[in-house]
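Asker: Got chain A; can you put chains B, C, D, E and F on it based on the hints?
Protein chains: 6
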Amino acid sequence: MSDPFFHPVSGFDLPRFAGVPTFMRLPHVAPGDARFGDVQLGIIGVPWDSGTTNRPGPRHGPRQLRDASTMIRAEHPVSGVRPFEAANLADLGDVGPNPADIPDSMARITAFYEKVVGAGIRPLTAGGDHLTTLPVLRAVAAKGPVGMIHFDSHTDLFDSYFGGTMYTHGTPFRRAVEEGLLDPKRVVQIGIRGTMYDHEDRDFAKAEGIRIIPIEEFFARGIADVMAEAREIVGDGDTYISYDIDFVDPTFAPGTGTPEVGGPNSYQALQVVRELTGVRIVGADLVEVSPPFDASGGTAFLGVSIMFELLCQMVSHLAR
Amino acid sequence: MSDPFFHPVSGFDLPRFAGVPTFMRLPHVAPGDARFGDVQLGIIGVPWDSGTTNRPGPRHGPRQLRDASTMIRAEHPVSGVRPFEAANLADLGDVGPNPADIPDSMARITAFYEKVVGAGIRPLTAGGDHLTTLPVLRAVAAKGPVGMIHFDSHTDLFDSYFGGTMYTHGTPFRRAVEEGLLDPKRVVQIGIRGTMYDHEDRDFAKAEGIRIIPIEEFFARGIADVMAEAREIVGDGDTYISYDIDFVDPTFAPGTGTPEVGGPNSYQALQVVRELTGVRIVGADLVEVSPPFDASGGTAFLGVSIMFELLCQMVSHLAR
Amino acid sequence: MSDPFFHPVSGFDLPRFAGVPTFMRLPHVAPGDARFGDVQLGIIGVPWDSGTTNRPGPRHGPRQLRDASTMIRAEHPVSGVRPFEAANLADLGDVGPNPADIPDSMARITAFYEKVVGAGIRPLTAGGDHLTTLPVLRAVAAKGPVGMIHFDSHTDLFDSYFGGTMYTHGTPFRRAVEEGLLDPKRVVQIGIRGTMYDHEDRDFAKAEGIRIIPIEEFFARGIADVMAEAREIVGDGDTYISYDIDFVDPTFAPGTGTPEVGGPNSYQALQVVRELTGVRIVGADLVEVSPPFDASGGTAFLGVSIMFELLCQMVSHLAR
Amino acid sequence: MSDPFFHPVSGFDLPRFAGVPTFMRLPHVAPGDARFGDVQLGIIGVPWDSGTTNRPGPRHGPRQLRDASTMIRAEHPVSGVRPFEAANLADLGDVGPNPADIPDSMARITAFYEKVVGAGIRPLTAGGDHLTTLPVLRAVAAKGPVGMIHFDSHTDLFDSYFGGTMYTHGTPFRRAVEEGLLDPKRVVQIGIRGTMYDHEDRDFAKAEGIRIIPIEEFFARGIADVMAEAREIVGDGDTYISYDIDFVDPTFAPGTGTPEVGGPNSYQALQVVRELTGVRIVGADLVEVSPPFDASGGTAFLGVSIMFELLCQMVSHLAR
Amino acid sequence: MSDPFFHPVSGFDLPRFAGVPTFMRLPHVAPGDARFGDVQLGIIGVPWDSGTTNRPGPRHGPRQLRDASTMIRAEHPVSGVRPFEAANLADLGDVGPNPADIPDSMARITAFYEKVVGAGIRPLTAGGDHLTTLPVLRAVAAKGPVGMIHFDSHTDLFDSYFGGTMYTHGTPFRRAVEEGLLDPKRVVQIGIRGTMYDHEDRDFAKAEGIRIIPIEEFFARGIADVMAEAREIVGDGDTYISYDIDFVDPTFAPGTGTPEVGGPNSYQALQVVRELTGVRIVGADLVEVSPPFDASGGTAFLGVSIMFELLCQMVSHLAR
Amino acid sequence: MSDPFFHPVSGFDLPRFAGVPTFMRLPHVAPGDARFGDVQLGIIGVPWDSGTTNRPGPRHGPRQLRDASTMIRAEHPVSGVRPFEAANLADLGDVGPNPADIPDSMARITAFYEKVVGAGIRPLTAGGDHLTTLPVLRAVAAKGPVGMIHFDSHTDLFDSYFGGTMYTHGTPFRRAVEEGLLDPKRVVQIGIRGTMYDHEDRDFAKAEGIRIIPIEEFFARGIADVMAEAREIVGDGDTYISYDIDFVDPTFAPGTGTPEVGGPNSYQALQVVRELTGVRIVGADLVEVSPPFDASGGTAFLGVSIMFELLCQMVSHLAR
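Protein chains in written order, with the numbering used here: chain A, 841 to 1160; chain B, 841 to 1160; chain C, 841 to 1160; chain D, 841 to 1160; chain E, 841 to 1160; chain F, 841 to 1160.
Hints are all accurate, no fakes.
Now the in silico label distances, taken between C-beta atoms and shown as ranges:
| id | chain 1 | residue 1 | chain 2 | residue 2 | range |
| --- | --- | --- | --- | --- | --- |
| 1 | C | R875 | F | G1062 | 44 to 52 angstroms |
| 2 | A | E1018 | E | V849 | 27 to 35 angstroms |
| 3 | D | M1006 | F | R1114 | 30 to 38 angstroms |
| 4 | B | H1039 | F | D1038 | 51 to 59 angstroms |
| 5 | E | E1056 | B | M841 | 26 to 34 angstroms |
Straight-line distance between alpha carbons at most 25 angstroms, and here's what the computed DMTMM-like set of lysine to aspartate or glutamate pairs gives:
| id | chain 1 | residue 1 | chain 2 | residue 2 |
| --- | --- | --- | --- | --- |
| 6 | A | K955 | C | D853 |
| 7 | C | K1046 | D | E915 |
| 8 | B | K955 | D | D853 |
| 9 | E | K955 | F | D853 |
| 10 | E | K1046 | B | E915 |
| 11 | A | K1046 | E | E915 |
Bear in mind the hints are in silico, worked out from the structure with no lab data behind them.
No residue lacks a Cβ here, since even glycine has one placed at the ideal position from N, Cα and C.
So here's chain A without its partners, still in its complex pose (with noise of 0.2 angstroms):
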């Protein structure tokens, strides 16, 4: 039973609309606060999207995921667990970026979340675009490679865009494995889709050993097969799960900046994650929520709803 500090306000007391917006309604206790020492699972707001090539707008992502965590409550409703009291849950708040300096930002990132890992809290991180994992990884991993699950229809492998930018949400798994953060070949992609420049990253992925599970594949074996091999090609080791939003099919998740159509649906969206039972997760973060492609906020909610299912994987995994 966690400390009774850490439990959210219920929706019973207090209106889910009512009182200043953290995730889940949990106490924020940032880095130098008293209680941070006692924090065992941290959630972190990313609000940066510099590496977008496209459509940004993830930068608002931790705001609106916020407001809509607000409407969570404290049961999964299939396996029972009771994340805020099985384990100290806080928002951390978050990283403050440099919008105008990548570098910078990598920076400010890596050093906020050395804090984090410093202090053995496990990190679920709210985007951000994707190049937000890069600079989490290099706390995460500092230690050694780790194995990946990830989520997207994209495979973020790509060498550089625009003549020669390395640092771009279409390029981190590529400076992740040349920099030593993932082992590749614990590494598999899930739900890949869309039509394609060339074929640059898929050859980078085979020549390193990822596994690309493209979404006709997914469809057609399903996802319990499909979770099954991911378990499986991650092992027993450390493992970082990384959702991207754009995974999930563009009407469920419009809110996002370069959308592929054909996707999963909501239901699928939270299925696979429940099928990370075993997994030893030492970070997470769903990425790419872009409130101003997001009129309705239902981007926002899927997001929390997937960000509420990973937590409570990680939650069972710290209780083990």
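Answerer: Frame of chain A, contents of chains B, C, D, E and F only:
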């Protein structure tokens, strides 16, 4: 063959966008009007959402549903039922609620429905939030408890909110069971999902014998199997159908106050009603359509499509 | 110079879109917190709209206003006032209302404000519909009637709605006069316009000595002249400022439930507050901001711009 | 005092959002109905936009205007006119157009208005695009040319479009002059602005004696002066008022197909109608409200506010 | 390998949001341009919706589709087809319609397509409403009747509307059969659903031998089986593909004028086109995309994704 | 009279909604095209917003502005200038930026404008955020400092953001003065308002001799007086016009990233440009239009209306 007075004007004669919008372009026949006594099935708006604990809006539902209903034509595409010719249908207008007084509003609603039921008219209600169903049942089930097939993502079986408030859109069926309006052994709730506060509602259901079919079971078994069980539960007796639009996945029905991701799609939303054949329907409702959260109007259009399915079932029953 | 604990973080250090959104990026200091006793001016959210007779939504106002308030900077462009340095300001959080029980909600609000007033804190309220002002005044004017400068398109002086309902957002000031919270001779209502039901509210105003300045007179005389009269009416005594966002033309402030066309523009919306210099403000509110009708967020941004003007006036007064 | 049958229900009795929406909540009295002969002023919808050369949508105008009109109350705030008590007003329903046949639609409209005029009813039309006015004038001015005060940003005096098409929303008044429906010497067009194709329309105006008051002159002289000239131009004779919502600045009225920036605000939009006192109005219209471009509904609300001003003028005239 | 003149610029060189938006970023080559004779497959916009009987808007379709098409890349993710390299493709511009004259517009469209067909160019059309297909077929099937695979929720086989109007978006294929443009024995309509006026269209289909596959059969049999039958029906002869976006469920494609709930999802929307391999496509269209009802732009993006699938099939055929 | 090659197609020939959208429907003439040397005034898009410190979006500006510009006709309504006949105007296309590299993007922009200036073409720029102006000035003012009339709500004269970042949309004119591109004595900034961080920007202006006219002074003195002073400040020398759309009140121009309430209306937005007669304009821009925050498109339409005013001034100057 119904009285031509009750036939809607065709879109071939008057374009769908023209005319004062009544439900399904039916004549507006208020209680007290000359033709009130000839009506067999009446559609009633209850523009009321004072029981809403989170995001209000369903008070605007009936007007938007009337507008969208002008898109509905004369014949069911599968069964071939032509409801407006099979019986005398009318738009009975709206119950005038008191938005600042819940007991007064409930009394007004029950009084209106007593007139309707007293005139032998089967009511199809366009809500309004789900608390609406309680004062409706007080009239419809005045002579004794009825069964209920309930499509929803929530049980609405809670005891109270905010430290003792007994009448909210989360409590109507708890009250209805307590008041003897529903026979809990003949109640089935389909589609339940989403994060939970606690088990208080489910404990009540279990104690009373209410059958809950969660969404995971719904998808695993399929519609035909689930609905066969539902028909068996309610059997031959008088049965009420309560359809909360949040049964449907919020991507298909964003215009509602308490969405839960991972629900049925629009095809399934219609199919469950098509499986009601043979049920003795004494009344039905479609509730929780909230126009302020339905920028595109798609939720209202789905709502009236469901209402059309419901009245095809109700009319077939009248003809039997 | 205020305590640095109460200084908002600058947009030069943390981008405007980052961080947990409190009012004006001030620290969140709830009643009971260690620093509560040091606060001089507190901003309070009242997410409540149960008194709304037409289009609900202001219950979502405080959250959207907090979000928009992160755009506000440190210094007034004309007066040069730097409010966050002039006094200790804080976000005191939201009053938790009971959306399904009006008397209970009013009791909760008054109890909260009694704590605030009891601690010597001047309250600036972010509503909430206009009924909010009544339970606030019960605390603020507990020792005796206060004067009021009231910006609005409606008088909110009606006796009752819907056949006897006494507490709605159209009746707060009738009740406040009856309860001795307002001194009607020291009340002025500015901007009144729109079609009318009857003269009952105006008859009451006339009988009690409340001064109504209709919009036609407002435009004809100009702001300086009208506000000089307003200052004269309230004189040197304790005065409450109540600012209904529907005072402003609905094109500039669409996010509200009962708009009336033909009102002031956004520049005039600020100017009227700038003319409050010298008024002894014991409390103020900005009410009726309704996010569901404010797709662009412009109403909330105007709302917090007005709140900044109000607190600059209130702070100057504190300093005197 | 009008027949109580024709009195709208009050918002104190039935909330504004409830009920089947007719214009101003008046009774729906179609031609042929028993009470048709008792109507003195009828509001008519013409849901038609086939003459639109750019962005269509006004076919949806009447329905949205009816919806918004439920916000209108009983009495004019300045003149004190209570139009619904001063004369028998009714919603006469919509003319059913043929959206795919312009000549057929024009014939249907003229036929409908001949019944209205024949019954001695003064028509207030809710369009529809501006071509609507031509078939209306064919009925209203059947006995001889009338004068016209025309609020618009365009002259609508062009000869033809697209190489010879004579009937579009840019040509109605050219046709009306040619057909002898308008006396050009008694026509004034107010608010004209925006970039121009050429001078062909202005040359026609000059040749025929139509007075054009461009927006620069309108702002420079002020409303009182401009409207005094307008009253002088039309004199004592029968006069038609045609009000294109694009007269108003598109920020105040975005829901229209051919906006021109730099127009009057909403207060001025009402004032010009208030200056029509004494004009012998034989018919009026409010056209070009286009709901698909009016996401917030503000244009429709402004539109019905203008319609209320128009009918207060028309009713005063009936009473004289 | 196609002429490099016809290669679109890559998103790696020019960001997707930059540049004048042509279809798929192809060169704009109008009839009469120097390179017109080199084009093998031309994409043509027909911004026209005068045949629309309900909600207009498709006249704005081509422009929004061009904008969205800049998101499309170079290669098909499954087949590996690189259409822009396989043949010379170009944006041929828009046909200039006459929005106020249906016969004139049809003549203009047919004349334009005669030039295209005369130059040996296969046309892919971006509508426009469904009446567009009729004048296109007059050029494409000038030499003799063609077969057609038609994706839609409606048959568009009605005889007339509004008492005898023969040319609307509900009648094109009735006319096309009558005019000998379509061989009804080689026509299949897939996805038909929604409430019906009567059986007149289906009776015509039955009498002529047109095969209708309703949505219930489509879902029951599955795409592979249904499309095998479709390919068998059209056989080896010249075949036209007509794709009405309302074939897709309106949640996935809200931007259309006559939606019917309960249709295919976006993945299925693409799969049906992928099953056209081997069909001898002489022309294709994507119609009824209506931007005013597509606030998020998702419908247009799905539309261009379908267009990309269509041109991959058409190009493969050119190469054979 | 200009070369007919450069004449836009008329809306009488091709409806406004048809055709590939170039700026003002002008021919698209990229650098290197055969007719490039004949262009006298070129409109250039700079789809770039990497310098934005708060809400991104202006990278989408040029495309939306091109779309809206198809509403512009041939002649100025007051001056009678017909710019497209007075000189050879063209759409020069977009500069391709690198969204993930600020220095690279600035170099690309300057290189593009050097070609333009080198060819003797006067540039009118459609941004892009305000940092765009700096690399443009590096080409336009390559031979020596120019004067500037700057319409904005912000000075954009800050030294740096986020602890030393020198190139953001809040710093361009500080850099331009430092680089000798602007003569500060010949710079005037009009419309400045909104809450402030500190005085650092104003101190710089004072020290350098830049004249700031705050909005209060602007409204008090009136446009004619203020603009006479502006013309005097820049005198006869080469002058650049920089128009930030946030100069205009955010109700009239919501589609922008850093709005400040209380600004000029749309009529005033045009009038200030009409007062530029006689100024020697060597280049101009309209920046900060942000489509993601402009749901109705009204900001873009106002933007192109301002651009039309600007090019009428620029063309008059060319003719002199």
